[in-house]
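Using our numbering, the letters of the sequence shown map in sequence onto residues 1 to 339.
Do not rely on the hints blindly, as some may be mistaken.
To be verified - Label pairs and their computed distance ranges (CB to CB):
id, residue 1, residue 2, range
1, K199, D94, 50 to 58 Å
2, V62, A172, 18 to 26 Å
3, A232, S157, 32 to 40 Å
4, Y254, L301, 24 to 32 Å
5, V89, M173, 16 to 24 Å
6, M173, E130, 34 to 42 Å
7, T221, T293, 48 to 56 Å
8, R283, V62, 41 to 49 Å
9, L96, S201, 53 to 61 Å
10, G317, N63, 53 to 61 Å
11, K199, G314, 17 to 25 Å
Stated by the list, open to error - Using 27 Å as the maximum straight-line C-alpha spacing, the simulated DSSO-like pairs for lysine-lysine come out as follows:
id, residue 1, residue 2
12, K44, K140
13, K308, K339
14, K324, K308
15, K140, K75
16, K199, K75
17, K104, K116
18, K106, K140
19, K334, K324
20, K324, K44
21, K339, K324
22, K324, K276
23, K330, K308
24, K137, K116
25, K104, K140
The set of hints was computed from the structure by calculation and includes no laboratory data.
Quantities reported herein were computed from a predicted structural model and do not represent experimental measurements.
Positions of the beta carbon are idealized from the N, C-alpha and C atoms, including for glycine.
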Amino acid sequence: MKKTLFAAALIVLAGCARNKTEQNNPTVAVAASAPVVEVTGVSKQPVVQDQVYSSTIQAYVVNNIAPQSASRIQKINVEIGDFVNAGQVLAEMDRLQLDQAGLKLKNAEDEFERIKGLYEEGGVSQSDFESMQLSYKVSKSSYDNILENTILRSPVSGVITARNYDRGDMYAMAQPIFTVQQITPVKILVPVSESDYTKVSKGDKVALTADALPGKTFTGTVVRLHPTMDNATHTFNVEVQVRNENRLLRPGMYARVTVNFGDTFNVVVPDEAVVKLQGSGQRSVYVLEQDGTVSLRNVSLGRHFDSKYEIVEGLEGGETVVVKGQSALKSGIKVEVRK
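Generate coordinates for the entire structure from the input sequences, incorporating the hints supplied.
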C-alpha cells in the first residue's frame, strides 16, 4: 500500500515539473504544437484571357424569292434542300405579260432605229429623236422588270430552305415561293459584355464548336462590331464570319464561340491554395512569412485554368503560399513546413 502511494506521488510531482518547464519556456510548447503545412512558391505568368459565348449559327444572306404581282406558277425547278448557284432559274411564272412586253419592246426598238436613221440624215428634229429614244428606254426597262418577275432566279449561291407553292398554284403574295439561304459563309452574332467589347477588333480570329458536330473546331473572323448595346442584356453583338466551305455548319445549329482577348501577366497559384471564408464571398490565401509564421491575405481572383487560379490582386511574384494544411491555421501562428 505504501509503495502504491509513493508511486502516485512521483507521477504528480513529474507532471508539475513538466508544466513548470513549459511555463518557463513557452517556445517549447509552441514548437510541439506547430501545424504541419505544405507550401509552394508563386510567380507571375502569362495568362490567356479568353471567354466562351453561346450563340446560334445564321445564314450569311436570306433571300425570299417571289414576283412583284400575283401570277400563276408554270414551273417549279428546285426542291427544299437543293443547293443552287447564283443566277440559277428556280421557277417560271405565266408568260402572258412577258410576251406582250416583248412585242412592245420590239416595236419600240424598230421605230427607234428608223427615227435614228432619219435623225442622222437630218430628216427629223432632235426633240423627236430624243422622245423616241426615251420611249424605247421605257419599253426596255418595263420588259426587263417583267422578265425578272417571270423567270425567277436565285440572287445568291445557297440552299433552298422553304418552298411554299406547287406548280399551277396562283401566287397571291401571302408568302414567298422559295427561301434561299447562303451558307458559305455563315455568320454568328456573339453577345460580348460591355467590359470586353472594347477588347475586340475587326479581323480578330475566334474558335468555334457546334454541338451537332462533336470533335470539330472551326475558325471564324470578326467582321463587324455592332455599335449599340442591347438594353436587356447589356451586351454588344460582335458579328463573326465562318467560311464553311464544306457546308458542315447549318443555320440554327447551337454553337460555342471562344473569343481571345489577349494575355495578362499575373501571379498564378494552385487552386488548392485558395481559401473561401465561411459566410463570405471573399477568397484568401495563407502566405508563409520569413519568420516562419503565416498571414491570411485577401486576394482577387481572375481566370481559373488547369487547376490554377490567376491572382489579379493581393499577391506578388516570389512569395510562398500554403497549399495543404490550411484548416488548422490562423493568421500569425508559426508553422512547420513539410519538406
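Right, here's what the structure says about each hint:
no. : hint                    : result
1   : K199 / D94: 50 to 58 Å  : holds, 57 Å
2   : V62 / A172: 18 to 26 Å  : holds, 22 Å
3   : A232 / S157: 32 to 40 Å : holds, 36 Å
4   : Y254 / L301: 24 to 32 Å : holds, 29 Å
5   : V89 / M173: 16 to 24 Å  : holds, 21 Å
6   : M173 / E130: 34 to 42 Å : holds, 37 Å
7   : T221 / T293: 48 to 56 Å : holds, 54 Å
8   : R283 / V62: 41 to 49 Å  : holds, 47 Å
9   : L96 / S201: 53 to 61 Å  : holds, 56 Å
10  : G317 / N63: 53 to 61 Å  : holds, 57 Å
11  : K199 / G314: 17 to 25 Å : holds, 24 Å
12  : K44 / K140              : violated, 74 Å
13  : K308 / K339             : holds, 22 Å
14  : K324 / K308             : holds, 15 Å
15  : K140 / K75              : holds, 25 Å
16  : K199 / K75              : violated, 52 Å
17  : K104 / K116             : holds, 18 Å
18  : K106 / K140             : holds, 9 Å
19  : K334 / K324             : holds, 15 Å
20  : K324 / K44              : holds, 21 Å
21  : K339 / K324             : holds, 12 Å
22  : K324 / K276             : holds, 14 Å
23  : K330 / K308             : holds, 23 Å
24  : K137 / K116             : holds, 14 Å
25  : K104 / K140             : holds, 9 Å
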